[in-house]
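Given next are the chains, with one letter for each unit.
4 protein chains.
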Amino acid sequence: MLQTVEHSVSARDVLLARYQAVRVASARMCASLEPAEYRLQPIDDVSPPWWNLGHTSWFFARNVLASLGGAITADDAQYDYLLNSYYASLGARLPRSQRGAVSRPTTEEIYAYRASVDERVQQLVETIDSFHWPALEYLLRIGIEHEQQHQELFYTEIKFILAQNPPPLRRSYCDSPSTHREEEQARPLQFCSVPGGLVEIGSVEDDWCWDNELPAHKYYLVPYELADRLVTNQEYLEFIDDGGYRNQLLWLDNGWQQRTAHAWQAPLYWERNDGVWQIWTLAGYQPLRPHEPVSHLSFYEADAFARWRSETRQEESRVRLPSEREWEHAARRFGETNAATAFLDAGLLHPQSQTPVANAVQALREMSGVLWQWTSSYYEPYPGYRPFPGVLAEYNGKFMDNQRVLRGGSCVTPRNHYRLSYRNFWSAATRFQFTGVRLARDSA
Amino acid sequence: MLQTVEHSVSARDVLLARYQAVRVASARMCASLEPAEYRLQPIDDVSPPWWNLGHTSWFFARNVLASLGGAITADDAQYDYLLNSYYASLGARLPRSQRGAVSRPTTEEIYAYRASVDERVQQLVETIDSFHWPALEYLLRIGIEHEQQHQELFYTEIKFILAQNPPPLRRSYCDSPSTHREEEQARPLQFCSVPGGLVEIGSVEDDWCWDNELPAHKYYLVPYELADRLVTNQEYLEFIDDGGYRNQLLWLDNGWQQRTAHAWQAPLYWERNDGVWQIWTLAGYQPLRPHEPVSHLSFYEADAFARWRSETRQEESRVRLPSEREWEHAARRFGETNAATAFLDAGLLHPQSQTPVANAVQALREMSGVLWQWTSSYYEPYPGYRPFPGVLAEYNGKFMDNQRVLRGGSCVTPRNHYRLSYRNFWSAATRFQFTGVRLARDSA
Amino acid sequence: MLQTVEHSVSARDVLLARYQAVRVASARMCASLEPAEYRLQPIDDVSPPWWNLGHTSWFFARNVLASLGGAITADDAQYDYLLNSYYASLGARLPRSQRGAVSRPTTEEIYAYRASVDERVQQLVETIDSFHWPALEYLLRIGIEHEQQHQELFYTEIKFILAQNPPPLRRSYCDSPSTHREEEQARPLQFCSVPGGLVEIGSVEDDWCWDNELPAHKYYLVPYELADRLVTNQEYLEFIDDGGYRNQLLWLDNGWQQRTAHAWQAPLYWERNDGVWQIWTLAGYQPLRPHEPVSHLSFYEADAFARWRSETRQEESRVRLPSEREWEHAARRFGETNAATAFLDAGLLHPQSQTPVANAVQALREMSGVLWQWTSSYYEPYPGYRPFPGVLAEYNGKFMDNQRVLRGGSCVTPRNHYRLSYRNFWSAATRFQFTGVRLARDSA
Amino acid sequence: MLQTVEHSVSARDVLLARYQAVRVASARMCASLEPAEYRLQPIDDVSPPWWNLGHTSWFFARNVLASLGGAITADDAQYDYLLNSYYASLGARLPRSQRGAVSRPTTEEIYAYRASVDERVQQLVETIDSFHWPALEYLLRIGIEHEQQHQELFYTEIKFILAQNPPPLRRSYCDSPSTHREEEQARPLQFCSVPGGLVEIGSVEDDWCWDNELPAHKYYLVPYELADRLVTNQEYLEFIDDGGYRNQLLWLDNGWQQRTAHAWQAPLYWERNDGVWQIWTLAGYQPLRPHEPVSHLSFYEADAFARWRSETRQEESRVRLPSEREWEHAARRFGETNAATAFLDAGLLHPQSQTPVANAVQALREMSGVLWQWTSSYYEPYPGYRPFPGVLAEYNGKFMDNQRVLRGGSCVTPRNHYRLSYRNFWSAATRFQFTGVRLARDSA
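Here the protein sequences come in this chain order: A, B, C and D. Residue 444, in the working numbering, is where the first sequence stops; the numbers in between run on with no holes. Residue 888, in the working numbering, is where the second sequence stops; the numbers in between run on with no holes. Residue 1332, in the working numbering, is where the third sequence stops; the numbers in between run on with no holes. Residue 1776, in the working numbering, is where the fourth sequence stops; the numbers in between run on with no holes.
Just so you know, these hints were derived from the structure itself, not from any lab. One thing to keep in mind: the hints can contain errors.
Among the chain B residues that face chain A by a calculated CB cut under 7 Å, a handful are [to be verified]: (1) E481; (2) A545; (3) L613; (4) R777.
Here chain B is said to cover these stretches of chain A; the calculated rule only asks that three of the stretch's residues, wherever they fall, bring their Cβ under 8 Å from a Cβ of chain B [said to hold, decoys possible]: (5) 25 to 37; (6) 78 to 87.
All of these numbers come straight from a predicted model, not from anything done at the bench. All C-beta atoms, glycine included, are put in the ideal place defined by N, C-alpha and C.
Let the hints inform the model, and build the full structure from the sequences given.
Below is the structure:
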């Protein structure tokens, strides 16, 4: 017997609208793909787009429909094998490395599956009783946020996928923005002082959040300073030109091994032809703009760069990467006025140079929506952390080992998916994400 | 100044007709592919269909057009990087493992490239002068035969590609033959005696042939006996059921390592569900037919099987694999009346059971056009071997190391590509080709 | 012109006495080795004893003698290649994996080199002028502590080395203690409450310490509880018997991969014969004593065990590993009365069961000198960390990536090498060290 | 009841004398080893001397004593695990890679075990009855020849083991020969014509031989020519200096991969310091003598060298490696007058330059006892091959896959272990054996 009350009907509309908006966005981002591009998995870490589209749909089928009495189809069962990412409690699954090796389900079947899931989710939202409504709201929201994570992943994956093509043949994912702002002078890097003390960390704004942002908790911060902007290509070039990639003493031991194994000589997507640097972007090759934030580097490169600055510049002698708590506290304290060019919603798909500022002001720029910023912090549970219950306990917890936290969102993060307490995490060698560097230093 | 004489005009027509027939066949074999399937490379050894189609075209462009003054286009140059298989003398090339990682050129571009090559080849054939005609005839024929090799490869590759899909979702490449002959009794294996002596080996029929079939040469063969048919699934099942895959003493040391590393328990494409064996074919799953020739096994399995027969059957105590020269000499001596079900031209794409023979006759059946038969011979140069001149010196010679020769052609070999002296070769662990077993033994 | 003042003469005697005591201890610990045992390196991580003895001597030659004008010999130069562990700034060095592959220098030459270094160090200590005395004191002390670290390593390495021999042939490193205490009842695990707040962490006692224990700093701890003793074999057996090694949901993702890759089914050195567990110790095989602390497990096993306890015991629902700061603060607060059986000095070379306590008291036992206890903390620089200057900057800093901190010292740690703020660190998969588990939990 | 007849008593003395001579030789060759050197296994393929000494003794215990009622001791059983090389039919065994990781049995125990085996073998030889005598003679001889194989292996292994030490510290195995012959002019390479035809191959001299030399059989050889001496260092240097290691077109595909993976730039043991080549020998470093035979190269290098000669010298346009049958037939036809400097018995442990010959004579020099010569032949069973019966079936047969035959014995082969029909075999990438090159060519 369906018992709906007015306020929940309205909540249903809101939830359904958000669901549908996110679902449409996923389809739209893939609209320009060629059939072949849906199936490519150049490395194990980069899933092919068909799988991304399928997995996010399966996530709703498995965690919402199947849990709350929604309609189930015969397909769902076999997709349990194909589209399960890593949930051991849900049984056997296609090995990750095989996502690019199968031709079934077809991309058309995946789209049909998406439509089927959408229809069934809509039906469930519209008909669920009040008693089960909170559970639906809870699980559907997780599914929506999950799909937004995969939207960001998609942009990084398709950038990497297209980059596999030999340079003369590469197609770009999108056109260049019609007007590209003139390169201005870079403002000298400045550091903003942040008083320490016992601060609140985690999801204090009472927004929706992942389990890993909880519990909000007190943390004692020693006073520190945070750079007012991201490190630029120009600044990073100085590190390269000064032999940064050849000086082992600047590197963590593991970092040096990665550098050597993969012959790193510059960030990912940098290419030098006849002495001129260019970079690969979602809008094709672009000249290296000196005042754009440097992007697509690993934690190890960011860390080595900071050590190099610290050793070569008198005035930055205590420069390092910030901890995630330093980053979060500063962002919360200073507020943030993110540029119109920030986040996925701006549609630029590339980190932008800063608008010139007439007078130096003490303000943090590029905190959010430009590049994920490597922090020195490991991805650890906050004190008192409790994983989501049930199957979703595997969502975050089991990966809390040997990964580093990144903060800030990027130019391919949906704006309404992001908040200051958001914790992204990757292993220290990762370079295909939209990563960047913001420096910090101990207070004098 | 074009100087054509009548006989060469006619020869042109013949050559061009053959060229076009082969080119059409390549396109036809791919006609039923879905867009995604063109791009899949599940393992390094299995190239994606787009590359197969492109590489065979590039081969004409590079070795015919570019050598003999044919028309050259801008595309040819960049295809030198993308479509070169292994010719070190032609410069840098796309690593083999990346053939499935690129989305450029698109499949449509590859088809357009094929059309462009076809047009230019036709123009060259029609206009070349008498002086250069022999070179054209020579090189074009190599290109034609090369493309036929890739046709066979295609069928083995697409079989493997489709097999990556989880069983419930696999599509088959083609329909089952509408009428499938009733399984008859298997004829007991019989051995045909072949007198030894000094025999002629190699391309003695004066047909066109690869450099590796030359020179024809004398070879002294000790008298031997050759099985009159291929080993059947039923016979191989006895080996499995007798613990053949668990008895290390039956195996070559390298074979045992392969068996262990890959957990071999049966030939490739065999699956047992609820105690019932079925096999994957280009026409989908089929029940294991006991009297069909066993297929898709490695040299190591064939060798272990022969050793097992030799040790467990009194009457076959000297059973082994034949040498390639034993195989060739017997085939030449007995003649061969290949079944209508043989070769690619029959369109069955699967090795067929033998037609019953009312009275046992001493005749070799299934010599050609059913399955490539592992021989005990390494792929070595014949005495006095000379590689093709120029670039094509790399065609065969550099692979003459640690590979075994297979003889006989298969159900996916074009009939007019084959001859008795044909030498196929693969490393001993290969299972995705249409391989089978014919036993031999020393004369008593 | 040597200018010595009285107080420094006395300090010289003290320093020299300590130097000599440590050097003698290294020689004594190797006294019972057979010639062959000095050279064995069963895995890259386990250096052979000859190298351990040589490297610690080279460390004095390179960092003390060469820096402060001590006598240099021709040998020192070539030992720069052979005995340099990981100092990139000191040039090329023998690859770690080759330490067990060389027969030069001989063990006798290594002993001679030790004697030569000792003689030259003594000479330097006795003759150095006042101006350089502080530098000598500073560097010599580092060398002494460094050698003590290698003493601990030696015991773990020789245990592992001897364990390579097939069980019937294994020799033990030493005899069993003549009288082995009767196994008593295990006391039930109890948790001691520790109030949180802003506490001091790091080298606050103003003892000598490594750079990584500095700077002492404030840290805010949420109230917590710490187990009053280590986890026992009996308790760990329950985890094994309950299928702990087969339940993926208990494990970190990386941990499960390690478990699978290495087929872990129990801690290192545990063997089950006919259903009876025994363990390998430096005194040979011993029956598994249920109330001894469980040892030789990886961080991943410790972590999975804690999760299992948390999920299976009502009263321990928030059980986890402690952070290093929780561990240190509790140890400092409660004081520690280490048992006579603790540390290397007790000579037992094996973690001992606890003496029975008549009445339960709130006290932490086995805090130090029994087993290194895995903490949940990564090995990170403390805020404001400064590496040692010069060459020794590489001592600790570059390894601060993806390793976990262990606290407490062990039964093979020299007592005077240890202090509460001591930070040991190993990658999470390490099992050959004397590792153990102490549980913590959040306050209710 | 012992029934001995006179002639067998005498045969016993002869057999026992040979047994004892070989056993003494093994001990003598190890007499100068340091304790540590007995235990080193730098790579899996190079067994440590203790294992070599133990395995050869175990071989007698297992295949002679245990089979023929000799005395058995408790030790034998556990040595079945430790000293079994690769006999699957004899159960579990120490993994090959662990031979250098164990310290038990000690080297002293191995010597004691040798003495025990010797005593028991002597007792068995002296007391066995006539009925079992032939079996004893048969098996003991195999054991003796087996031990001689391991003597040769020992010299190659100890050379490799000592070469692991950094150059300034390397000890040599032996002193340089006191007088070293002056380097003379190299005689130009000449080719001896060998008429082809149907020849006898294999053990035709009716000597004792391995199963792989049987059966003797007819083989048809095309006329060919064989170089009258081995290729010299000088000749090989020309290949290096002409870029032979950088020209992919000279190499087999597998060979090029090996070259690249291991960065080969010269044969093993060649080192260039300040532009001067020196080589590592069992007598320490020596200058590269231009007219000594080039040694310690892989099949792939030998093959590439031959191709280079063939392409760069008009008069050697058909130069290649000989087949093993070409080699054997020529050696048999021309007879051989091996130099006094040949074989292990000469004690030089290094291939020697040729004595000058006043007048060029058509004669093959350095056929035997200088260097094992790579042939183009794979290690295959001769037609009609039957492995040894029983356990020893695994001695040779299972390795007949992807290995190349070498002929001729070397400067570390015991003379009385060798005969013309002897087939040595190694994988094509092997370099630590005493290998060399003799060229052949097709007759004009």
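- Query: Which numbered hints turn out to be false for this structure?
  - Reply: 4
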